[in-house]
Every structure is written in structure tokens, then in C-alpha cells.
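**Student:** Listed below are the residues making up each chain.
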Amino acid sequence: MEKSKGAVFTNGIIKENPVLVLVLGTCPTLATSGSVETGLGMGLAATAVLVCSNIVISLIRRFIPDKVRIPCFITVIAGFVTIVQMVLQAYVQPLYQALGLYLPLIVVNCIILGRAEMFASKNNPIDSALDGLGMGIGFTLTLVIMGTIREIIGTGSYLAGDWFGLAKGFKGIPLQGAFMPGMSIMTMVPGGFFAYAIVMAAVHYFTKDKKKIRKDFACAQCAAAGNCGSSEDAAAAEEKGKEGEK
Amino acid sequence: MSHIGAIFIIIIGMVLVNNYPLAQFLGICPFLGVSKDLDSAKGMGIAVTFVMVLATAVTWPIQRLVLDPIGVGYLQTVVFILIIAALVQFVEMFLKKSIPGLYKSLGIFLPLITTNCAVLGVCISVIDDELGYVDSLFTAFGAGLGFWFALWIMAGVRSKLSDQSRIPEPFRGVPIVLITAAILSLAFMGFGGMFQ
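Here the protein sequences line up with chains A and B, keeping their order.
Residue 8 in our numbering sits at position 8 of the first sequence, with consecutive numbering throughout.
Converting from the second sequence to our numbering requires adding 246 to each position, the first position being numbered 1.
In short, the hints are calculated from the structure, not lab data.
The structure presented is a predicted model; accordingly, all values stated were derived computationally and were not measured.
Glycine included, every Cβ here is placed at the ideal spot set by N, Cα and C.
Take the hints with a grain of salt, since some may be wrong.
Interface residues of chain B toward chain A, partial, derived using beta-carbon atoms under 8 Å [unchecked claim]:
(1) Leu268
(2) Ile274
(3) Thr295
(4) Val324
(5) Leu328
(6) Asn362
(7) Leu366
(8) Ile370
(9) Asp374
(10) Leu377
(11) Ser431
(12) Met435
Sequences are here, hints too, so could you generate the full structure?
**Tutor:** Here you go:
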């Protein structure tokens, strides 16, 4: 069943939103959604890696032996992550420092490996690029929504930050005024879990007629599913993969 | 004696103050996914702790003795993830050949660890913090224990949350697990400021 280009693109934004529906990439979602600026930065960095790696993996999908595909995918993704890391370090130093450890950790972001495994390795480069872009926008959008909730409740202002050097030291739009000071707990760790839970519950609430949107943690959507189900095959595959890398 | 004290502080710090899933957002996927019952939490906890210590033991010397001297520190991400993937595979093969009993209980968790950000996270953060070799190993050990501890508490709580619990309809499934994690991490915030 061929899907239209538009359907491939919007799939990742709404119907299979990677964070809210597929429950992938939870670590960067929680860690970088403390403010809109870091959330947007993380979303764009991950989108760039996702689109590039999807295109490359789709182009070389016929040359990768099935059994060594996971190590190959990881190598391609790690290469692009390193490029993004160097670009950010060179041009957007404050964002590079704000994202810190989570920037190299894009490598193990299950959204990227998951899309490589589930989509890019089976489809042509144009569809894969669209899928990557859609998934990336879905991821970025979720981060911005969560960042909005956490920043407004947590600090009492909105859109504070350096904005990639465009607006140095912008204090943000004051929203709550003096009658309600920021609840800093929302920018901290528990606030991340709360905001995520509430956004996801809202998605469940508004889509309750369409039962299919709700998913529990299942093996099928895990990035390592192909590796894990039959560990006999996976062991042989990885073993060959290492020989190939040498 | 003071050295033992320092190591003790590192381990307690990593387990309680800087707990990876609950205070630093590392390893959330397995923390939410594998915490359904106490048995799998135990298996995952042991496997992650073991791989973390092993990965740090290998990646630290490689960064300090190979990548830094020849000036290719920027290859850190690529090299570390390949080392972890290879290491996990090696451990799996070793367990399968020599200790089949342990392989039966831990084997299924090992492939999942390659994409666990806590493992790569601990390898990179001990380099970023410029810790010594011994300190790095104990940091990794403490981080693994902390992960196990958090997973274990979470599994205990979730095993009491049955389908019969009166959870509002939109919160069933993943959201209620996240709320549980939020309350747990609130408790762990109380440990912040224990040191320094």
C-alpha cells in the first residue's frame, strides 16, 4: 500500500508523534524541555540528524547486509551527531553549553534509530527524508509545547533566552505578574515528568474516540526489537558487524 | 582511610543525589519500559551496572591514552558508541558460552543496553568532569546501583498499580507511570544538597 507524500510527512507530526504516541526519545524530551529555547534547540538538532541519517541510510539500504544493519545505522547516526556537535560548538556556543551531555546522546535517541530501522531501511530516499522531517517536527513541536508549559508555570515569563545569539539576554515576556511567582519545581526534574504526563493525558483525552492512538510500552516500537527478539540471530549479526568494522 | 571515605561519598552521591533516572533524566526509556515487575527490574539493574563499569573501564583509557594524545577528541561520540555496542555483544557471547544460567536471566536485557543513554552518558560525563580512573570506575558503579535502585522502587510501586486501580481514563497506561516517576523524583530531590 503506497502512501502519498503528504501522508508520510504528516504521519510523524500527529498520528505517530514519536514522543506522545510512540513513546520514544523520552530522555531528551524530559531533559531539554525546561525552557522553550533549549527545547527548540534540541528539537532542531535532532531533526537535522534524523533527516540526514534517514537519507543516507535509505541510499545505502541495498548495500547493508541485513544482519549487520544496527551497527551500520549507529555508525551513520554517530557521524551526523558529531557534525551537528561541531557546528553548534563553533557557531552557537550558549546552546552547545545548555544542551551539554544531551547533545552527544542524540546518538542513542531511540527516535532516530527507530526510524532508521522501521522506515528508512525500507523506503526510498525522498520518502525517508519526508518521514524524518515529519518525525523531527513532531518531536520539536512536543518539546516546544512542554517547554511552554514548564517555562510559564516555572519562571512566570515566556521565551527567555539568548535565542541563538539573536537576542542577547532577553528576559522573556512577563506573564504572571507579581500575584503569582514562578513555581521553580516545574523547571526541575519532577516538573518534567508532570508536564509530560499531562500533555500525554491530554492527547489521550482528545483522541478517545480513536482507540488506536493509545499505545503501551511494547516490544514492537522499541528500536532494538529486531535485535532482541531472537538473540541467536542478533549475536551472529553483531559478530559479523564487528568483523566488518575492522 | 580517607580514600575509602571519598569512594563512599562518590557512590552515595551517584545513588541518591545524582540518581540517573530520577535526577538527571538518563536511562528513562528502560526505567519506564522494564519496570513492570521486580524480576525484570533486577535483571536489567544488574546488567546495566555491569555494562556501565565495564564500558567506563574501557572507554576512559581509550579517551585519555589514544584519542587525546593524537588530537582526535572529537571522535569521542562515534568511538564510544561502537565500543559499547561491541562490548555488549562480547559480554553476551561470553555469558552464553561460560555461564548459561546467568545468560538465561540477563541475556534478553543485554541488546537493549546498547541504546541505553545512561551507559553512554556515564562514559562521557566522567571524561567531561575530568575524573581519575579509579574515581570514574566507582562513579560508573554508583550510577549503575542508582539506576537499579530507582528501577526497583518503580517496579515495586507499579506492581501495586493494577488495572483495578481507579485511575482516570486519560491517565491509564503511560501517563500514570510518568506521574509516579514525578512523585518519586520529588522524593529524590530531598537528597539534593546532601554534599558540598
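**Student:** Evaluate each hint against the coordinates.
**Tutor:** Right, here's what the structure says about each hint:
| no. | hint | result |
| --- | --- | --- |
| 1 | Leu268 | 7 Å, holds |
| 2 | Ile274 | 4 Å, holds |
| 3 | Thr295 | 18 Å, violated |
| 4 | Val324 | 4 Å, holds |
| 5 | Leu328 | 7 Å, holds |
| 6 | Asn362 | 7 Å, holds |
| 7 | Leu366 | 5 Å, holds |
| 8 | Ile370 | 6 Å, holds |
| 9 | Asp374 | 7 Å, holds |
| 10 | Leu377 | 14 Å, violated |
| 11 | Ser431 | 5 Å, holds |
| 12 | Met435 | 7 Å, holds |
Checked against the numbered hints given earlier, the structure breaks hints 3 and 10 and satisfies all the rest.
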